[in-house]
Amino acid sequence: MCLFVNVQKKIGTFQLQVQFESQARRIGILGVSGCGKSMTLKSIAGIETPDIGKIQVGNQILFSSAARINVKPQKRRIGYLFQNYALFPTMTVSQNIAAGLKGSRQEKQERVQEMIRKFRLEGLEEQFPEQLSGGQQQRTALARIMAYEPEMLLLDEPFSALDVLLKDRLQWEMMELLEEYRGTVILVSHSRDEIFRFSEELLIMAQGKVITYGKTKRIFANPGTREAARLTGCKNFSRIHRQDGHTALARDWGISLHVEQEIPVGANYIGYRAHDFEPVWGKRRKNCIKVQVGGLSELPFERNYYLLPERKGGEIPEWEKNRTKIAEDISELVCWFVQKEKWSRLKEKGLPDYLELKEEYMMFLE
Amino acid sequence: MLDWSPLWISLKTGIAATFFCFFLGIFAAWKTMKLSGAKKAVWDGIFTLPLVLPPTVAGFFLLLLFSRRRIFGNFLYQTFELKVVQSWLGCIIAATVIAFPLMYRNARAAFEQLDVNLIYAGRTLGMSESRIFWKIVLPTASPGVASGTILTFARALGEYGATSMLAGNIPGKTATISQKIGMVIQDGDYLTAGVWVAVVLTMAFGILFLMNLFAGTGKRSGKRW
Numbered sequence: 001m002c003l004f005v006n007v008q009k010k011i012g013t014f015q016l017q018v019q020f021e022s023q024a025r026r027i028g029i030l031g032v033s034g035c036g037k038s039m040t041l042k043s044i045a046g047i048e049t050p051d052i053g054k055i056q057v058g059n060q061i062l063f064s065s066a067a068r069i070n071v072k073p074q075k076r077r078i079g080y081l082f083q084n085y086a087l088f089p090t091m092t093v094s095q096n097i098a099a100g101l102k103g104s105r106q107e108k109q110e111r112v113q114e115m116i117r118k119f120r121l122e123g124l125e126e127q128f129p130e131q132l133s134g135g136q137q138q139r140t141a142l143a144r145i146m147a148y149e150p151e152m153l154l155l156d157e158p159f160s161a162l163d164v165l166l167k168d169r170l171q172w173e174m175m176e177l178l179e180e181y182r183g184t185v186i187l188v189s190h191s192r193d194e195i196f197r198f199s200e201e202l203l204i205m206a207q208g209k210v211i212t213y214g215k216t217k218r219i220f221a222n223p224g225t226r227e228a229a230r231l232t233g234c235k236n237f238s239r240i241h242r243q244d245g246h247t248a249l250a251r252d253w254g255i256s257l258h259v260e261q262e263i264p265v266g267a268n269y270i271g272y273r274a275h276d277f278e279p280v281w282g283k284r285r286k287n288c289i290k291v292q293v294g295g296l297s298e299l300p301f302e303r304n305y306y307l308l309p310e311r312k313g314g315e316i317p318e319w320e321k322n323r324t325k326i327a328e329d330i331s332e333l334v335c336w337f338v339q340k341e342k343w344s345r346l347k348e349k350g351l352p353d354y355l356e357l358k359e360e361y362m363m364f365l366e
Numbered sequence: 367m368l369d370w371s372p373l374w375i376s377l378k379t380g381i382a383a384t385f386f387c388f389f390l391g392i393f394a395a396w397k398t399m400k401l402s403g404a405k406k407a408v409w410d411g412i413f414t415l416p417l418v419l420p421p422t423v424a425g426f427f428l429l430l431l432f433s434r435r436r437i438f439g440n441f442l443y444q445t446f447e448l449k450v451v452q453s454w455l456g457c458i459i460a461a462t463v464i465a466f467p468l469m470y471r472n473a474r475a476a477f478e479q480l481d482v483n484l485i486y487a488g489r490t491l492g493m494s495e496s497r498i499f500w501k502i503v504l505p506t507a508s509p510g511v512a513s514g515t516i517l518t519f520a521r522a523l524g525e526y527g528a529t530s531m532l533a534g535n536i537p538g539k540t541a542t543i544s545q546k547i548g549m550v551i552q553d554g555d556y557l558t559a560g561v562w563v564a565v566v567l568t569m570a571f572g573i574l575f576l577m578n579l580f581a582g583t584g585k586r587s588g589k590r591w
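Protein chains in written order, with our numbering: chain F, 1 to 366; chain A, 367 to 591.
Honestly, I wouldn't trust all of these hints.
Stated by the list, open to error - Cut-off 16 Å, straight-line C-alpha distance, at most; resulting in silico cross-link-like pairs (EDC-like, lysine to aspartate or glutamate):
no., chain 1, residue 1, chain 2, residue 2
1, F, K75, A, E495
2, F, K72, F, E151
3, F, K342, F, E310
4, F, K342, F, D276
5, F, K108, F, E125
6, A, K400, F, E262
7, F, K72, A, E495
8, F, K286, F, E180
9, F, K118, F, E21
Unchecked claim - Cβ-Cβ distance ranges computed for the label pairs, FRET-style:
no., chain 1, residue 1, chain 2, residue 2, range
10, F, I52, A, L377, 52 to 62 Å
11, A, R434, F, I69, 52 to 62 Å
12, A, F571, F, A161, 42 to 52 Å
13, A, F580, F, R105, 28 to 38 Å
14, F, R105, A, V408, 42 to 52 Å
15, A, I573, F, R105, 34 to 44 Å
16, F, G183, A, T445, 51 to 61 Å
17, F, E179, A, N578, 47 to 57 Å
18, A, F580, F, K118, 30 to 40 Å
19, F, G58, A, F580, 20 to 30 Å
20, A, N578, F, L165, 34 to 44 Å
21, F, E125, A, I573, 35 to 45 Å
22, A, K406, F, L165, 43 to 53 Å
These aren't lab readings, by the way, just hints derived from the structure by calculation.
The beta-carbon is built from N, C-alpha and C at its ideal position, and this holds for glycine as well.
All chains should be modelled from the sequences, with the hints used to inform the complete structure.
Put into structure tokens, the structure is as follows:
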């Protein structure tokens, strides 16, 4: 089913301006809090009304300011899973699931039973939402939506209210439960892991606008812009000065980059993921940053090093003099995340002299 | 032998006024909540006015409206043979108007505390607006609505100022407990006044006790300290 969205809405000083079109069954929307992700979902569901624009699902126009169409949320058949699940507190699990159902008592009963089984809520039928665990609440909310057989499902930060231990398992569980659902699902999240796991296509939003849209895997490999790269979890950025098609000066790291591939003309930054550095001891290789000890934070299965790129002779290079003006948001610390299995090498050889940037992981960004 | 009629008149008036306030107050709260800006301020002002006005002022306006020498009062009398001034109907109307803001404000506070996502969820599940109201909004807001109802009843029960102006103080017909107390005090009959005061105190305390009991059934019951 094809989804077409092109809406604008102004709220105070915030301006939402979203446009995308997708055939994908699983769409992710990634962005920080307050970037307009939820507002976009709510517009699709009909809970919020955009100022102008058009929303179309398949052949049905749900909203069109030009044609003065605004289908009521009741008629859109779009399920919405709220961040806090929005279970009706005075109703039991069964009553919650039956809330949106039409038909005879018998039919409703059967449908509820079916959902209870499918979402593994057996034994909880007569419980009230506040008596349920976070995971059970989520399954109840999902069962309530699915009982209603929506044509599209919108998930608004469904895992943000859960504690970390539960999160992974529930994400996996939900994907399994949604496996057989044929309709389109849109997941909104600020977690790149959730989005990466879930979505075929990805929309990255910032300040009310879509900054990148495309296949999820492709965007993670090549985000295109610095903001998009940051949202997909890239930690290291440097301004670059392109010298020719294959050479660029990484100004914030104080090194020259030499690559086989053609550096795009419009590239102003290079991004490099913290997991992708190769430690080098002894002799310097191509595309290496000489690093000094900075900070270290130890996690159970990962060590995060925050290293300072070392400059020759301690002089302040030309590009460094006005850096505060241009790139306050670029940290000069280089983040290097080391997975547990590599710790033994570090223990044996000590901190590396250089970190090597592999060409295949370099991301040239606008 | 004490004439118990003021007690029955007060109770009857209280129950009738609470009945009207319950529906009117909830309806007004629900409608006002959906308004915004100046419209909301105006309607909220009108609905709350009887709470802040001296009851005698409210009584004055009611008298102006319902007097048979005025258009509306005359119309009621001519068409429906309804006599408001100096009648039990006057007691009910006075008590309803005076107690109405308590119901309205409590209901609105309860509605406004409601998680708006519940309403949105109802809509996306295809529930009609009226079904959402009766099945989700009202049950969820019921503790606030209940305490509003009780306060309304208590206020209607003790109404004095507007009632005395609109309905007068006719023994056995419109003489409520509050009016009875006022009257016997003027006669210097402190014993009878004392009996009625005791009755009122007992009822007032009973009502507050009931209200606390209601309010304590939610999840925040029990000791917090």
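Hint check:
Taking the CA atoms of K75 (chain F) and E495 (chain A), the gap is near 12 Å; set against the 16 Å cutoff, the hint holds. Distance hint between K72 (chain F) and E151 (chain F) is fulfilled; the C-alpha atoms sit about 15 Å from each other, no more than 16 Å. With a C-alpha separation of about 24 Å, the suggested pairing of K342 (chain F) with E310 (chain F) is violated against the 16 Å cut-off. In summary, the hint linking K342 (chain F) to D276 (chain F) is supported, as the alpha carbons are separated by about 13 Å, within the 16 Å threshold.
Pair hint K108 (chain F) plus E125 (chain F) holds up; C-alpha atoms about 14 Å apart against a cutoff of 16 Å. Distance hint between K400 (chain A) and E262 (chain F) is unfulfilled; the C-alpha atoms sit about 59 Å from each other, more than 16 Å. A hinted pair counts as satisfied when its Cα atoms are at most 16 Å apart, and K72 (chain F) with E495 (chain A) qualifies at roughly 11 Å. Note on K286 (chain F) and E180 (chain F): the hinted pairing is violated, with a Cα-Cα distance of about 49 Å set against a maximum of 16 Å.
A hinted pair counts as satisfied when its Cα atoms are at most 16 Å apart, and K118 (chain F) with E21 (chain F) does not qualify at roughly 32 Å. For I52 (chain F) and L377 (chain A), the hinted distance range of 52 to 62 Å is satisfied, since their beta carbons lie about 59 Å from each other. Between R434 (chain A) and I69 (chain F) the C-beta distance comes to about 54 Å, which sits within the given range of 52 to 62 Å. About 43 Å separates the C-beta atoms of F571 (chain A) and A161 (chain F), a value consistent with the hinted range of 42 to 52 Å.
About 32 Å separates the C-beta atoms of F580 (chain A) and R105 (chain F), a value consistent with the hinted range of 28 to 38 Å. R105 (chain F) and V408 (chain A) have their C-beta atoms about 45 Å apart, which keeps the hinted 42 to 52 Å range intact. Under the hint 34 to 44 Å, the C-beta atoms of I573 (chain A) and R105 (chain F), about 40 Å apart, fit the expected range. The hinted range of 51 to 61 Å is satisfied by G183 (chain F) and T445 (chain A), whose Cβ atoms lie roughly 59 Å apart.
Roughly 51 Å separates the CB atoms of E179 (chain F) and N578 (chain A), a value that falls within the hinted 47 to 57 Å. At roughly 39 Å, the beta carbons of F580 (chain A) and K118 (chain F) sit within the given window of 30 to 40 Å. About 50 Å separates the C-beta atoms of G58 (chain F) and F580 (chain A), a value inconsistent with the hinted range of 20 to 30 Å. In this structure the hint that N578 (chain A) and L165 (chain F) lie 34 to 44 Å apart at CB holds, the actual value being about 40 Å.
The supplied range of 35 to 45 Å is met by E125 (chain F) and I573 (chain A), whose beta-carbon atoms lie about 38 Å from each other. Distance hint check for K406 (chain A) and L165 (chain F): the Cβ-Cβ separation is about 45 Å, which falls inside the suggested range of 43 to 53 Å.
When each numbered hint is compared with the structure, violations occur for hints 3, 6, 8, 9 and 19.
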